[in-house]
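Number of protein chains: 2
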Amino acid sequence: MAALVALAAGPLLPAAEFTVLGFTSERAAAQLKLESEYDKHLDAADLRTWLERMSAEPNHVGAPHNKANAEFTLELFKAWGWDARIETFMVMYPTPKKMFLEMTGPVKFTAKLHEPAIPEDRTSGVTKDALPPYHGYGADGDVSGELVYVNRGMPDDYKELAHHGISVKGKIVIARYGGGWRGLKPKLAYEHGAIGCIVYSDPADDGYSTGDVYPKGGSRPSDGVQRGSVADMPVYPGDPTTPGYGSTPDAKHLPISEAKTILKIPVMPISYADAQPLLAALDGPVAPANWRGALPITYHMGPGGAKVHLTIESDWKLTPCYDVIAFMRGSELPDEWLMRGNHRDGWVFGAWDPLSGHVAMMAEAKAIGALVKTGWKPKRTLVYCSWDGEETGLLGSTEWGETHAEELSKKAVLYINSDTNTRGFLGAAGSHSLQTFVSEIAASVRDPQTGVSVLERLRAKILVDAAKKGAEGDEKADAKFAAANPGLPLGALGSGSDFTPFLQHLGITTLSLEYGGEDMQAGVYHSIYDSFDHYVRFGDPQFAYGVALAQTVGRAMMRLADADVLPMRFVDFSNAVERYSDEVHKLADAMRESTAQNSRLLDAKAYQLAADPTLTYVSPERDAAVPFLNFTALDNSTLRLKSSALACDAAFTKAMAAGAQLTAAQRTELDALMSGLEHSLTNDAGLPGREWFKHMIYAPGLLTGYGVKTLPGIREAIEKRDWSVAEHFVIVAGTSLDDYRDRLDKIAKILEAAATKN
Amino acid sequence: MAALVALAAGPLLPAAEFTVLGFTSERAAAQLKLESEYDKHLDAADLRTWLERMSAEPNHVGAPHNKANAEFTLELFKAWGWDARIETFMVMYPTPKKMFLEMTGPVKFTAKLHEPAIPEDRTSGVTKDALPPYHGYGADGDVSGELVYVNRGMPDDYKELAHHGISVKGKIVIARYGGGWRGLKPKLAYEHGAIGCIVYSDPADDGYSTGDVYPKGGSRPSDGVQRGSVADMPVYPGDPTTPGYGSTPDAKHLPISEAKTILKIPVMPISYADAQPLLAALDGPVAPANWRGALPITYHMGPGGAKVHLTIESDWKLTPCYDVIAFMRGSELPDEWLMRGNHRDGWVFGAWDPLSGHVAMMAEAKAIGALVKTGWKPKRTLVYCSWDGEETGLLGSTEWGETHAEELSKKAVLYINSDTNTRGFLGAAGSHSLQTFVSEIAASVRDPQTGVSVLERLRAKILVDAAKKGAEGDEKADAKFAAANPGLPLGALGSGSDFTPFLQHLGITTLSLEYGGEDMQAGVYHSIYDSFDHYVRFGDPQFAYGVALAQTVGRAMMRLADADVLPMRFVDFSNAVERYSDEVHKLADAMRESTAQNSRLLDAKAYQLAADPTLTYVSPERDAAVPFLNFTALDNSTLRLKSSALACDAAFTKAMAAGAQLTAAQRTELDALMSGLEHSLTNDAGLPGREWFKHMIYAPGLLTGYGVKTLPGIREAIEKRDWSVAEHFVIVAGTSLDDYRDRLDKIAKILEAAATKN
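One line per chain: the protein sequences are A and B, in this order. If you count the first sequence from 1, position 747 lands on 747 in the numbering used here, and the numbers rise without skipping. If you count the second sequence from 1, position 227 lands on 227 in the numbering used here, and the numbers rise without skipping.
Simulated from the structure, these hints should not be mistaken for lab results. Predicted, not measured: the structure shown is a model, and the values here were computed from it. Some hints could be false.
As the list makes no split between identical chains, a pair holds if one copy fits it or if it spans any two.
Unchecked claim - Lysine-lysine pairs mimicking DSS-like chemistry, simulated, CA-CA at most 27 Å apart:
(1) K480 with K586
(2) K605 with K128
(3) K159 with K468
(4) K169 with K33
(5) K411 with K377
(6) K476 with K586
(7) K480 with K469
(8) K469 with K586
(9) K112 with K720
(10) K410 with K720
(11) K654 with K642
Between the sequences and the hints, there should be enough to build the whole structure, so can you do that?
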């Protein structure tokens, strides 16, 4: 019984011991020994060397150093014993030819649109191959107009503008970053009639207000600019001109004008040095308190005052996108693929984003290769993926996933993603059937700074944060979970990195694992200053968390590869579904109440009476009353799911205790059932207006972009007040959950058999 | 039945009709007619003329124009038919002789400490008799030391500093205004070992962040400074050298060193222009997010970096303080005094604070005088008071109240206060037995901007704010009240103006009534720019709310003067007590839970694990577990109070319906019982460490200064974790409530008799 990993928890945490989930007690000890061996092959010096080399030159899609990095990665994987290759896609990849922004009145001002070199940052002076700050997949255009400040440019901000009687029709809007995904800012601006969009980084969010600016500290300097994609990725990610299919070299591309995810108005990112004169020149009402940033000005909403002229011309061309794909073939179940990916392309030097995660993945591959050289072989196949083109729209992962969809539907067991990785706490999100598994992994990895397990440290953080701040929403749910359970609460995945095609399009069980939270990434995010020099001062100077990530994901990959039974716990999933179901019920109830209240206030003219008559105030619209929705199908499916999940988990425990005596055929059938579970949560018709997104439990929000919406069909329809659609998705989600449960029942049956056999 | 004032409410508000509370239906119509007559004598032009004249020169205590304003007020009152006189007190009143602040390192900087003239503001160039920005009753001193930024300088801020391992011992602190009363900042700094204190106005709170600065807009310009008293008024207000007794010309004064409310360290107010170089020079940890203001710098906590040198020398001398007291003798009950006051002294020109309220009070006195000249006479005596010396410590009102304490204990029925008055919403607070009465008054005054009653407008504001923001605490309680009741929720009074000696020291039923909330006062508060020119642009340009205040308070005074039965409703009071009692129960429960949670987190070393190891972090102290407190006496007294209040209100209604047939003796007895009600809520031993504060239901918080603490003996003892003191005050408050109830039972008996007589 050496197979217990003690969870080093104080009396705060319910005492708990984890087994090595999926391994019989006889085999668990060997697995733990293997992991110790694995750890010996991890070397922080490797990560440092690779990071410095790979971030030495601009490495966006199409940059020479991007290709060099792909080849470097390829060669290393091969040298480590992997069967590696480069897969090339030809993606529509606009780059700026001309960018110009000036204020034409009341005073003349030409924006700098340039990030100067900083002597303390060696690569900031490397201009060869570097692109200027820009937004990928905005429209080309040459527009002039009055400026309107729209705060974060999110739906509530347009409601606020409407209260002030302000329209952005025919205007150019300026929004600050934050509050929602950047691509929504120009999209919503366009939908409200704006002809152009400027997005700037307010010093309140990542500049001097948050810390000393680079190079004294890590925060965003006045000329720093956040680049980024603005493609309408909540509709579909990947190459906008090849929706739903791979941009293989011979693929047919839609014309730009037909690509739904390319925006219709020009949009440009700027620094706060460039933004300040524009904002200072604005007239119109004083912006409400929650619209004010940290610039030393009075924020006005406009219009009036500033007039601006904005020009963007891009080179729209097909560009090669290089994915490096490496296989370590499974000895027993070679057609079961455990996939692992991190992107490799940056906006400029990309030391933080993405190379800090990429070098950890390389360390895993090196260590696994070393173990294989000493005789170990994974039972299931490992597939390591170095993605290109993530920054502009998850290009490399999406095009690869779309290209190999059919093969993946047969072979993929799971996908694990990471991206930027740095000092701090384990961030874990994904399919909830893996929550206990991830908790176990986290209990077995030592936090480099404190010496306790990364699980214990994360749990301390969740509980202390909640105690300090009084948690709300997800944080509150997490704290409640941590107070009552020994493990960690897995987050739900929206979008923002390469897991999206696997989880939400293909329905593959997915995890995102990375460390962070004690760093200063925000100050250089997507700027020229995202550099090796910045990372080793303000990120993970010892690369200790790079090693921790390699330990974490490496353990996960090896346990998944060799598990007797795939390590899934289904009550974790049914609990998550129960919570999401409860949330959508409450959402409808809260909307019903607030809608009724709004009507009462309108009846009483209360908004007008409460408003300052010397200022313009337009009362909110009156919404139709919110009916009671028929949630029965969801409620019953959730109920049934729970009972099947309980039975299945019990059968799993019994089977493991009995040594999991499975025939080869049973194991194949069991693995197939488990691998297909996540797919049963998809629906081929997808979500309204975005059929590419097929997962009925997790999706990025149409109006949040990165942020997740759980039970998205139901939740977003309620938010849109589209009651019949909401009720339709109650049925669809219920059916998905029923399919999931049917599989659970079959899994339980096999496990019961495995438990009774000996 | 013409005596109904319809409450002009939409379907949002429960339909309600108010009678003229305290008047039989036969007499109510005449009273309403009298009020119409009264309104005719109110003229906005008067208010404007008086305000411009009285704010033309500096008018602080001791300034020639202060005396001139007293004489001007006296002459007008006399001319309007009042029996008026000036009562002079000799108060210890320090004024600055020398003020100096410099940063000696890392760079040299000398603070300007001066508010320059602004051409658009005529009085800002008047320097004759003006005092520079300073804090009243700080210590003299000449100190040098390292600077530490302490955010608002409130108790939680020192806890945060402790977490960072920062002590202010031997240091000079700089705090921003806000978060609690200004006098607490140097007091707490001293208690934590600081040797000097600087307080500045951050632009986030009243400067450019809140609106365009004066003169373009109304917000605080970069050189504007908030003056103010820092006397330790939560211990006792008034002249620090005559605690508890009047500073009559022959009074004996304590030496400065023995005056408990004079501070022990020098303290100086500065502008944000002067603060910015000091804050920018600070080293030490980056300040937490909620410590950051709107200056374009990274806020650090210090120490290290800035060293400063601070000098203050004052002229400590006795100065005359002139109260104008005017009587309009009652025709039937001359020894029942209805008092009304507003202070007259400003920090410099004082157009907003206090003269905007003072001129409304003058308008009332003029109109009442005019009615008297046409034959009406109040049945009870009206006493109008123009207080001096409020700004430095409620000097005029406190010394007068202390001097006349004995007479007031026999004669005072009620005191109504106002202070700054401007455009917006009715702000009403005070003794809850007057809540229905004030609601009625508010239903009868028309809002100048919207045409509905000021009650309806206020209710709309309460409900809309709660709907918009999601109300918390008092706002939530107010919204709940407004949704369920036709009237307005009266606030509880802490301190901050001249009502304090009457309510909290003498136990006299008290109201504070004034308009505001749609203005830009904050930007010039206690600065040289608090001027007529600013007020007529950013305050109440038409003086319409000055007239509204005169209507509001005038109605209240006249109804109280002539009521058949004093218009009190006791269930309003018992409901308030019930709420406060519920709050202190919940406070103890929440502390019990958070203390236990804190212990669990400490046991698990969770604070250290959650903290960034590269930064200093000191875990919070472990507090002893919170026991269950014996609230029985309070619970039972509250229960009994409610039943007596219900019975008394019912008897009141019956008596009024029956024509309130009272003999003269019964009326005198009834009025005496009602007038003494509030006094029964006092306890002569007062609150811990501050016996001057005798009210057991309402007090300014020892650690909030202006902000109220209800059931203060209990609540503050719980907050201090002084369980035996808390339980002691449970008994004391219970006894007070029992005394109150005994009076209610006697009142009910008389009213029952009055109801059955005819």
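Do the hints match the structure? See the list:
For the identical chains of this complex, K480 and K586 are neighbours both inside a copy (18 Å) and across copies (21 Å), given an alpha-carbon limit of 27 Å. For a Cα distance limit of 27 Å, the shortest separation of K605 from K128 qualifies neither inside one copy, at 62 Å, nor across copies, at 50 Å. For a Cα distance limit of 27 Å, the shortest separation of K159 from K468 across copies, 12 Å, qualifies, whereas the shortest one inside one copy, 32 Å, does not. Taking identical chains as interchangeable, the C-alpha atoms of K169 and K33 are never at most 27 Å apart, the minima being 65 Å within one chain and 54 Å between chains.
In this assembly of identical chains, the alpha carbons of K411 and K377 lie at most 27 Å apart only when taken from the same copy (18 Å versus 98 Å across copies). In this assembly of identical chains, the alpha carbons of K476 and K586 lie at most 27 Å apart whether taken from the same copy (16 Å) or from different copies (21 Å). With identical chains, the CA atoms of K480 and K469 are at most 27 Å apart both within one copy (14 Å) and between copies (25 Å). In the homo-oligomer, the alpha carbons of K469 and K586 lie at most 27 Å apart both inside one protomer (23 Å) and across protomers (19 Å), since each shortest distance falls under that limit.
For a Cα distance limit of 27 Å, the shortest separation of K112 from K720 qualifies neither inside one copy, at 40 Å, nor across copies, at 56 Å. Taking identical chains as interchangeable, the C-alpha atoms of K410 and K720 are never at most 27 Å apart, the minima being 36 Å within one chain and 66 Å between chains. Proximity of K654 to K642 under the C-alpha cut-off of 27 Å is restricted to the intra-copy arrangement: shortest distance 18 Å within a copy versus 62 Å between copies.
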